[in-house]
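Chain by chain, the residues:
Protein chains: 2
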Amino acid sequence: MTYCVGLKLNEGLVLLSDTRTNAGMDHISTYRKMFFFEQPGERVIAIMTAGSLSVTQTALGRLQEAIEHPDADENSSIMCAPTMLQVATLIGHTLSQIRREIVGQCQDLSPQASASMIVGGQRRGGEMRLFLIYPEGNFIEATEDTPFLQIGEHKYGKPILDRVVRPDTSLADAQKAVLLSMDSTLRSNLSVGMPLDLAVIRKDDCKVAHHRRILEGDPGFMAMSAAWSAALRDSFVNVKI
Amino acid sequence: MTYCVGLKLNEGLVLLSDTRTNAGMDHISTYRKMFFFEQPGERVIAIMTAGSLSVTQTALGRLQEAIEHPDADENSSIMCAPTMLQVATLIGHTLSQIRREIVGQCQDLSPQASASMIVGGQRRGGEMRLFLIYPEGNFIEATEDTPFLQIGEHKYGKPILDRVVRPDTSLADAQKAVLLSMDSTLRSNLSVGMPLDLAVIRKDDCKVAHHRRILEGDPGFMAMSAAWSAALRDSFVNVKI
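Chains B and A, in that order, give the protein sequences.
First residue of the first sequence? That's 1046 in this note's numbering, and the numbers climb one at a time after it.
First residue of the second sequence? That's 1046 in this note's numbering, and the numbers climb one at a time after it.
Note that these hints are calculated values from the structure, not bench results.
It cannot be assumed that every hint is accurate.
Treat identical chains as interchangeable: a pair holds within one or across any two.
[To be verified] Calculated pairs, EDC-like style, for lysine to aspartate or glutamate (alpha carbon to alpha carbon, straight line, at most 20 Å):
(1) Lys-1248 to Asp-1279
(2) Lys-1285 to Glu-1261
(3) Lys-1285 to Asp-1263
(4) Lys-1285 to Glu-1181
(5) Lys-1248 to Glu-1113
(6) Lys-1285 to Asp-1242
One chain only, chain B, in its complex shape (with noise of 0.2 Å):
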């Protein structure tokens, strides 16, 4: 499985993926499951993938295709679509497009093959917004009410989320609660697994301000983890019932 969680905030995204992927439990891998697309200053769009990995590899792949020989049609490529919304209504197309082929291509041996995305980002002049692509192609907005998006193993790190993130939670603050968010999944799930990629697009930049890749072992990731451990400790010691 997968748990990637976007944020859409009033000062900017902030987006967190893992990069386990496994076909059984005897065959793990880790596969990179978010992706920018950028012309700083003009466009960014950052893509995060959870499900069939030869779905959202293939979708990945169609996009770049799309961008990089757009003359065929100006309108395939997620570089040139006037807006967000049609965007996403793109990327939904091509995904469903190879899920549709792919359970076509497997016939009768009943396939999962479906995948899910979450795509944000903006372009100069427009919305900085957040959607979340299902596997048929359709796809949801997040917005004041709900301002985060999940996809993959989302269930156990949704409590914190649900209790601190906000529309005017600050980006340092977010980046602490996806990754709390994802402490909580990783500590009970073994389908989720690090390194971690963590992303920050800062409101009317239209670039990446900040991606970094966080590794096993990585010292500050491991010191937050054991200090909300003990926090969480601490606490349930200290409340009454």
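Could you slot chain A onto chain B? The hints should help.
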């Protein structure tokens, strides 16, 4: 859905269940999911249920009938079975048989008629044990390494249990842990709802020491929930990244 959790500790068993059932979002009801079979000092068996209500109610009805009319087949009464292992086997057999009957009745409607149970208890002179019974009737048991079992919407409330529950956790702390685990689940998932049933069975007592229904708006539960939220927010502020 449902959330039920059972802890097997050195001092005894702690059990907590919600009461929400739903057949679609527009058909929500309250049903008890925690049941006791008790001959104080001799034998106590607690059952918590998740899944299709028609399966769990019929299974409990049939277990009750077998207790009331054990003459037909003495081996069919969970109050007569010589060990807790045989109690679990009997319940598993009943659960799986009813599931098959109901699925057979529904034939090609492809119903989701499946249910699981947590069964805990002790008979005089025997060991205190806690089992999770799968829809197929097979089961697993809580151990020193994994002293808790969950059924239903288990993911939201697992991180807190992973962090604080050990076999030597006191019964008071254990009640706090399951209530906080439930609190996280209630906040993040609408299909789990108040009121709650909380029970404690002390080791070697062979009776229910304590059973409490916690209603919506219970002042103690609300105070604990608010204190935990405040403690988490404080911890969040204090943890550094």
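Evaluation of the provided hints:
no.	hint	verdict
1	Lys-1248 to Asp-1279	neither (37 Å within a copy, 28 Å between copies)
2	Lys-1285 to Glu-1261	between (36 Å within a copy, 18 Å between copies)
3	Lys-1285 to Asp-1263	between (35 Å within a copy, 14 Å between copies)
4	Lys-1285 to Glu-1181	neither (47 Å within a copy, 40 Å between copies)
5	Lys-1248 to Glu-1113	neither (27 Å within a copy, 69 Å between copies)
6	Lys-1285 to Asp-1242	between (38 Å within a copy, 19 Å between copies)
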